[in-house]
Amino acid sequence: MTDQITTHPSKPSERMRAGSLTLTVGPWVVAAIALMIMPYIFTSNSALTIMNQMWITVIFALAYNMLLGQGGMLSFGHAVYMGLGGFFCMHIMNYVEDFGLALPLPLLPLFGGLFGMGFAMIIGSFSTSGAGTRFAMISLGVGELIAACSVIIVAFFGGEEGISGDRTYGLPFFGIEFLKQIEVYYLISFWLMLSALLMYLFSRTPVGRMANAVRDNPERAQFLGYSARWVRFYSFCASGFFCGIAGGLFAISYEILTEENLNAASSGVILLVTFLGGVGFFFGPIIGAIVFTLLQTVLSLQTELWAIYVGSLFLATVMFFPGGLAGLMMMHVPAVRLGKAGGLLVPYVKTLVPAAIGVLGICALIEMVFHVRHGATGDVEMTLFWTTFDSHTVLPWIIAALVAVVGIGIAKATAPGLKEAWDEANTPGGAS
Amino acid sequence: MELILVNIIDGLVTGLLLFMLSAGLTLIFSMMGVLNFAHASFYMLGAYFAYQISIALGFWVGLLVAPLIVGVMGAGVERYGLRRVHQYGHVPELIFTFGLALLIEELVQFIWGKNQMPYSIPEVLDFTAFSIAGNSIPAFKIFMIFTSVGIFIGLLFILTKTRVGMIIQAALSYPRTVEALGHNVPLIFMGVFGVGTALAGVAGVIAGPVLGTFPGMAFVLGSIVFVTIVIGGLGSLWGALVASLLIGWITTFAKSYNIAMSDILNGLGIATPENMSENPLRDLWTVTSPQIADILPYILMVLILIFRPAGLFGKRES
Amino acid sequence: MSVPALELTGLKKSFGKAEIIRGIDLSIGKAERHAIIGPNGAGKSTLFNLITARFPPTAGTVKLHGEDLAGLEPYQINRKGLSRSFQITNIFPAMSVFENVRCALLWAQGYKYSFWNLVNNSRGLTEGADAILDQINLLERRNLPAGTLSYAEQRALEIGITIAGGADVIMLDEPTAGMSHSETDYITDLIMKVTEGKTLIMVEHDMGVVFGLADRISVLVYGEIIATNTPELVRADSKVQEAYLGAALEEEH
Chain A
1 MTDQITTHPS KPSERMRAGS LTLTVGPWVV AAIALMIMPY IFTSNSALTI
51 MNQMWITVIF ALAYNMLLGQ GGMLSFGHAV YMGLGGFFCM HIMNYVEDFG
101 LALPLPLLPL FGGLFGMGFA MIIGSFSTSG AGTRFAMISL GVGELIAACS
151 VIIVAFFGGE EGISGDRTYG LPFFGIEFLK QIEVYYLISF WLMLSALLMY
201 LFSRTPVGRM ANAVRDNPER AQFLGYSARW VRFYSFCASG FFCGIAGGLF
251 AISYEILTEE NLNAASSGVI LLVTFLGGVG FFFGPIIGAI VFTLLQTVLS
301 LQTELWAIYV GSLFLATVMF FPGGLAGLMM MHVPAVRLGK AGGLLVPYVK
351 TLVPAAIGVL GICALIEMVF HVRHGATGDV EMTLFWTTFD SHTVLPWIIA
401 ALVAVVGIGI AKATAPGLKE AWDEANTPGG AS
Chain B
1 MELILVNIID GLVTGLLLFM LSAGLTLIFS MMGVLNFAHA SFYMLGAYFA
51 YQISIALGFW VGLLVAPLIV GVMGAGVERY GLRRVHQYGH VPELIFTFGL
101 ALLIEELVQF IWGKNQMPYS IPEVLDFTAF SIAGNSIPAF KIFMIFTSVG
151 IFIGLLFILT KTRVGMIIQA ALSYPRTVEA LGHNVPLIFM GVFGVGTALA
201 GVAGVIAGPV LGTFPGMAFV LGSIVFVTIV IGGLGSLWGA LVASLLIGWI
251 TTFAKSYNIA MSDILNGLGI ATPENMSENP LRDLWTVTSP QIADILPYIL
301 MVLILIFRPA GLFGKRES
Chain C
1 MSVPALELTG LKKSFGKAEI IRGIDLSIGK AERHAIIGPN GAGKSTLFNL
51 ITARFPPTAG TVKLHGEDLA GLEPYQINRK GLSRSFQITN IFPAMSVFEN
101 VRCALLWAQG YKYSFWNLVN NSRGLTEGAD AILDQINLLE RRNLPAGTLS
151 YAEQRALEIG ITIAGGADVI MLDEPTAGMS HSETDYITDL IMKVTEGKTL
201 IMVEHDMGVV FGLADRISVL VYGEIIATNT PELVRADSKV QEAYLGAALE
251 EEH
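For the record, the sequence lines run as chains A, B and C. Heads up: the first sequence is residues 1 to 432, going by our numbering. Heads up: the second sequence is residues 1 to 318, going by our numbering. Heads up: the third sequence is residues 1 to 253, going by our numbering.
I should point out that these hints are in silico values taken from the structure, not numbers from a laboratory. Every residue gets a Cβ at the ideal spot worked out from N, C-alpha and C, and that includes glycine.
Quick partial rundown of chain A residues pointing at chain C, CB under 7 Å, derived from the structure:
(1) 202
(2) 205
(3) 207
(4) 213
(5) 225
(6) 226
Listing some non-contacts, in silico: residues in chain B with all C-beta distances to chain A over 12 Å:
(7) 9
(8) 53
(9) 65
(10) 69
(11) 129
(12) 143
(13) 154
(14) 157
(15) 170
(16) 178
(17) 188
Looking at chain A on its own, in the form it has when it is part of the complex (with noise of 0.2 Å):
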């Protein structure tokens, strides 16, 4: 029954205060200081190449979640938006760099947007009348349309080597000509910052409300005046828009786009980035980016089965924790309140430290297996963990078992005792 904001309902003061923007403009403040700082923690080209994708997979996800998360439409072809307002960028850019025109690279991306919104409108024309599983075959059907078109029509797509172009084609703007990484970062941070704060409004406006209304009862929403199909139709609209954006700053950062931007794989990445995150909530898709990207770049290098972790991670949200990760945190919020979080960080560190342990065993295990199966003959030896050791003899098999067992074992002796701390941090009164 608390609430954060105390609010006495027959003082309108106060009731004004109790929705207004001013509540929430800390995060984002501390998100654009974030963001205008990292480059010089994180100083490494590689670093800023990954920055920059990460924010980039941001404006998708979020643009992606204003359909699954906001508006309850799953979308299995989302990529050929970004994908699309990608490529008409890179035309532009030729364009231009052919024909001289003074169009600055900041503004970009917009282009790439209205393109995005434009598909948007047509496709969404006939594919918005359901929400459900019509709404998603329609999604995969034309999103794998439109990949495969993108082979044919070699004078859009490119065909095999795609489309590449030069984004220091034009005039310097304001004497800065985009030729080094970091200045490609701040330009997809601004537009990172921008789009973020316009979806987050969208979500405060009459149809973005809406959208919520009619993802959680369609039927209700008609008989509040409104139709569930235009509702679909804008949210969609909008979605294609910053889909395009992001494709435009991915055409800016990559100068290149191929067909493979536009394809199932890529659609079905943004779904799992997204779903990773957490629909539920604005900043979800936001956390969902950041791990996927983090995971992708450095987990790959790492290890050939990373995409086996990954699924097998994707898997388990789905169906362990359908909130995503920031529901996972968001899960903490009562405990916080009561100012009992506090008693959960032991009973955490005693189950999730060994299960951790124990889950890297396993994947020791399945790194080995397959050493021994597809590892060139002759080639025994194997790097894990920092050691290099023969694959093909028993001791580290035994070691990896070992590990594994006795972490999960551990972890799941203590599970009970965690489970009684989360009770206790979430009933309010008692000693804490």
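Guided by the hints, dock chains B and C onto chain A, whose structure is given.
The following block gives chains B and C in isolation, referenced to the frame of chain A:
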């Protein structure tokens, strides 16, 4: 004329294969409201298992045993995975099956590697059944047709003439009522899911030697299967049959007759533009039917969705 | 003679071979409180669904303030001033109570599909929603998720959402279903208060509610209306007593 006959047979093979997959998918969808994204993955598993078994015990043992293994796995997925996620709603169910499809593809690569497996036609069927106008029709294709048709007849018989079939048909529309009558509906669900995936497995066993056994095979066929049931109408077995055959024949004919778009456009009275390499529409002019054969189903689906949203035989919004 | 708020002429509905509604003629005047009663399976919910265009009639017309509603979608009918509640509580459980009501106000206050207004900054929306919450006595529950409310509170919220948009023809589908006596009295008072001056059409099973609230009653049996009259005359009608009221009346007294 003879070419048409060859194409009819080829299209029939493809269509029946598609139907084996889409029938199982439709059964599962009608019963549980779940569109099993991983359905084509079970098809792939069928092929791989059959290949593995055939190395040691021969093709025929593989044909018998692999679908059974796949069916059991499918039942297990329903019991331990899907049932858990079911409580969260349709969208999480879809996402679950999607994640499953991802994982199965990764696991297949993990176990068997990324290359195509040398899963080949058994020697006893590896001959030419007959020729039509110089095109040889492999006996294996005839075998595929007979197997598919045989399975359908068997399925039709079970569904319409046996007691189990009646219960399943009832549970397809009114699961709660059937449960209230004392039947173990969760068990029926598990069974139907298992049979549906086993069907996909059979398709994999017979298609593997012909279409190739490689980790991408699920993905290649998977989206076509969904297109098929959308065209046929979600939840309709007849629709699945008609749509499968339609797609089988359309793609086969499109591939075999090299119809160039430029000929069609010229025939409509539009002259070919002169400077082709500069013309932005040049791809439209140079496209030929084999190129677009694989995307014709998608175009058809989009057209159906615009003009007849429920599909050819579909019921209204499920 | 003023235009009736709602007029049904020769209304029929069949599902396949089953004829559920067999021809209904009914005229409900402005600001009239009209109850529709009848045994289970008589077709009351179907009738409601016909009027609100959940599905189209097989024959006959529905006129709202003299305007034929044929071919209109539910949201269009709603915009013309007809609002309904549902038999099974149909609110937005994930949103707060306040947000539920606010959504009901959006169209009425002219916001349409705008994406350039922020709802939080609109005094009209906030004060309007709070006023409704006050009317239905849910102001204290304002910020709770609607799904956590008790059953009766949710039904009250349902009524609040139904009237919030300012519709002048309100249709309530079994508003007191599943409630205890005290809850029923509470809801009945609430309905009286919020439908002041509006046309009310109500499907109900609870005779006490019906006789206390309604100006006129229609009795629906097997898809036909066998009597339409003031409560006293309906109670005295022998056909009605035979078909339906007899046992129920004895129960009530």
